[in-house]
Amino acid sequence: MGVTCVSQMPVAEGKSVQQTVEILTRKLELLGAEKQGTFCVDCETYHTAASTMGNQGQAGKLMYVMHNSEYPLSCFALFENGPCLIADANFDILMVKLKGFFQNAKANKIESRGTRYQYCDFLVKVGTVTMGPSARGISVEVEYCPCVVANDCWNLLMEFMQSFMGNHTPGIPSVFGNKHDSIYSPADSMVQYMELFNKIRKQQQVPVAGMR
Amino acid sequence: MSGVSAVRISIESACEKQVQEVGLDGSETYLQPLSMSQNLARLAQRIDFSQGSGSEEDEPGPGGRDWTSPGDAEDEEGLVKFQPSLWPWDSVRNSLRSALTETCVLYDVLGILKDKKFMTLDPVVQDPPPPKQNPQFLQLISKKKSLAGAAQILLKGAERLSKSVAENQENKRQRDFNSELLRLRQHWKLRKVGDKILGDLSYRSAGSLFPHHGTFEVIKNTDIDLDKKIPEDYCPLDVQIPSDLEGSAYIKVSIQKQAPDIGDLGTVNLFKRPLPKSKPGAPHWQTKLEAAQNVLLCKEIFAQLSREAVQIKSQIPHIVVKNQIISQPFPGLQLSISLCHSSNDKKSQKSASDRQSPEDHLYVLEHNLHQLIREFHKQTLSSTVMPHPASAPFGHKRMKLAGPQAFDKNDINSLQSNEGLLEKIIKQAKHIFLRRRTAQTIDSLASCIEDPQIQAHWSNINDVYESSVKVLITSQGYEQICKSIQLQLNIGVEQIRVVHRDGRVITLSHQEQELQDFLLSQMSQHQVHAVQQLAKVMGWHVLSFSNHVGLGPVESIGNASAITVASPNGDYAISVRNGPESGSKVLVELPRSQCKDLPKSDVLQDGKWNHLRGPFKEVQWNKMEGRNFVYKMELLMAALTPCY
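Same order as they appear, the protein sequences are chains G and R. Residue numbering for the first sequence follows this note's numbering, beginning at 1 and increasing consecutively. Residue numbering for the second sequence follows this note's numbering, beginning at 1001 and increasing consecutively.
Next up, chain G with everything else stripped away, as it sits in the complex:
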């Protein structure tokens, strides 16, 4: 487990999502990265049920339940800006039992699927973010495996990302900022994915040209 940076790759002009992904992966393959199967990160949204809300004026908090194929036995439950719970994979079954408190917003299910590449100590995952039937964007996750302190390897990560993302290289993720020198954990990656998904959801009004 290392330090991970999750970012969004904008769709190249005049290209579809699929084509942009292909361009990226070709670049990676040219670099010498090895293809290692696929990956999948999914996120389901839960509303706190109306019956449990005492105060009518208070907006219901959203809870996200996420899975990551990199952590196949785990299930992540997050609140926005809130705590992150890591549990066994059968946490989903528990959520079914808690129907009275948390209601699943099925339409809001969003996931990112793609190919996993390994390049020496780096793991790169380029995925297509889909919500329902439509592809909405591209996620790029880069992990530097040997290090667990985010600030120690951010520059290295950035330099590596520049090599294949060019000027779309993201800035330092917000989770790195409040970590200081402490150890990076898988929950931080999931927070980054959650933020990415939220960002992409908000973009949904803006139609992306040539998406399909």
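Just so you know, the hints here were simulated from the structure itself, not pulled from any lab data. Among the clues, some could well be false.
For lysine-lysine, the following DSSO-like pairs were computed, each having C-alpha atoms within a straight-line distance of at most 27 Å [stated by the list, open to error]: (1) G:Lys-35 <-> R:Lys-1189; (2) R:Lys-1409 <-> G:Lys-27; (3) R:Lys-1288 <-> R:Lys-1189; (4) R:Lys-1313 <-> G:Lys-35.
Sample of chain R residues with no beta-carbon within 10 Å of chain G, all distances over it, derived [stated by the list, open to error]: (5) Gly-1207; (6) Glu-1308; (7) Gly-1332; (8) Gln-1405.
In this text, all values refer to a predicted model and were calculated from it rather than measured experimentally. Don't be surprised by glycine CBs; every beta carbon is placed ideally from N, CA and C.
Chain G is fixed; fit chain R onto it per the hints.
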């Protein structure tokens, strides 16, 4: 009740004066003490003269009767009794009187008897015995009868005794069986099925998955002949083990260089090991059961290995024939693992055993196999350990943490390492073989090359897959100045990694030739390094130094190395070229002035040109004195250094 005999306690009045009365004010009025005569009278009154010595009582004469009757009359009278006591000596007088009377009577009787005229004393005549008709016969009958009676009594007693002895022994044996059973129970699992007691030999409770039932039966061995002498090792409890677990077994692991004949496959010779001597004090069933359990474990190991051998795909397939598994860890080398099981009754195996030399055993691997199977047991046991949280997944204990601690794929893979027994043991065998061969290579080099010397320091503590040795190359007598070559050889499973003193890492394969060539080239470099060190000590100047010379004849192993040093005043120079194959070549450069055979040049007329260096001349190195290269070099340098 209590065994303590009654204790006599004599009580005497403490104060001499008896208290008559105690006044209300506490004052005591004492009785006047008796005078001497009064006291005597009082004591005499207490004596009962009628109850005197027995002789008087035994023969109550007619006179005596007379004397006692008044006493009786007195008792009956009661009130009169007190009358004579008014006179204190009355009873004494009476007694004396009666005594006198009796003495007189006795005297008279004796006097009459003495004369024998009127009275004689005769013994009392008893009735004569009835007349005997056949005294002898009757005596015999009575004797016989009484003897028979006595005999009968004796017989009865003897019978009772023998019965009780037998009962005792029976009881004891029963008790022995029970106590033995109790001891058995402490070491082995037992259960009762019907009227049988069955025990469990298998390692199932320790996590084994071997399907053999491994049960033994406990037999009560009490009905032995009482007449015969009980053998010393008699035990009332015996165990019956399944016939396929009898005898002794072991796993044999060996590495052979040559490929086997196909005909020899699967006929691994057995040599019988003597059954382990039972520990003193341990019952014989213990050794029997332990042996059987060992057989079971060996069978399990072999079954596991052969299953893996069939399943695992390797470049050279593993061969499983009968009781032997053959694998080829390195080309031209075969590892054979065989199950040797000898039951006691087969004599035919004995002959084969003599030819077999036990030297090619790899005891370490055999031991490790046992260890591995036990680890394997433990693994299966710990995976289903109870109690188990209802929500947690089954599996390894650490697997339960995998979810909540978000283990990634690599972590989970490392938890699920399912490298089989065979793969592990082959890896270990490879390592052992590689280590052995490295040691051989180093030793053979050290023994056949005297100059320079090789020292190998093996580390005592190794991993099963890795060990290390430190190799020093030195020259005898110059150990302190020639320390340039220190190699650390890390011997792994497939290859040897050599770490130089300066941190360079070279990876060698398992081929022994590679290591040998490497060491040879290092040795040749050592000589040149030694010259460099020596030059420093001797005050010579190093003009050039090269580990890998690009000139001259090409060496088949490595490269030649060379050094040129100049004497302190610069007159002479020594050039050394040393190759692993070509050996050393030493040249000395002389000043021009000392060369006589140099043709006189017309150009260089001036004397100053004589200080120019002249040509190199080769030193006949094998004719130099000195025990080794560095010593010879030291002598050469010393000879070329002028003394002022």
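Hint check results:
no. : hint                      : in the structure
1   : G:Lys-35 <-> R:Lys-1189   : violated (55 Å)
2   : R:Lys-1409 <-> G:Lys-27   : holds (25 Å)
3   : R:Lys-1288 <-> R:Lys-1189 : holds (15 Å)
4   : R:Lys-1313 <-> G:Lys-35   : holds (25 Å)
5   : Gly-1207                  : holds (24 Å)
6   : Glu-1308                  : holds (27 Å)
7   : Gly-1332                  : holds (35 Å)
8   : Gln-1405                  : violated (7 Å)
Hint check: violations occur at hints 1 and 8; the rest are consistent with the structure.
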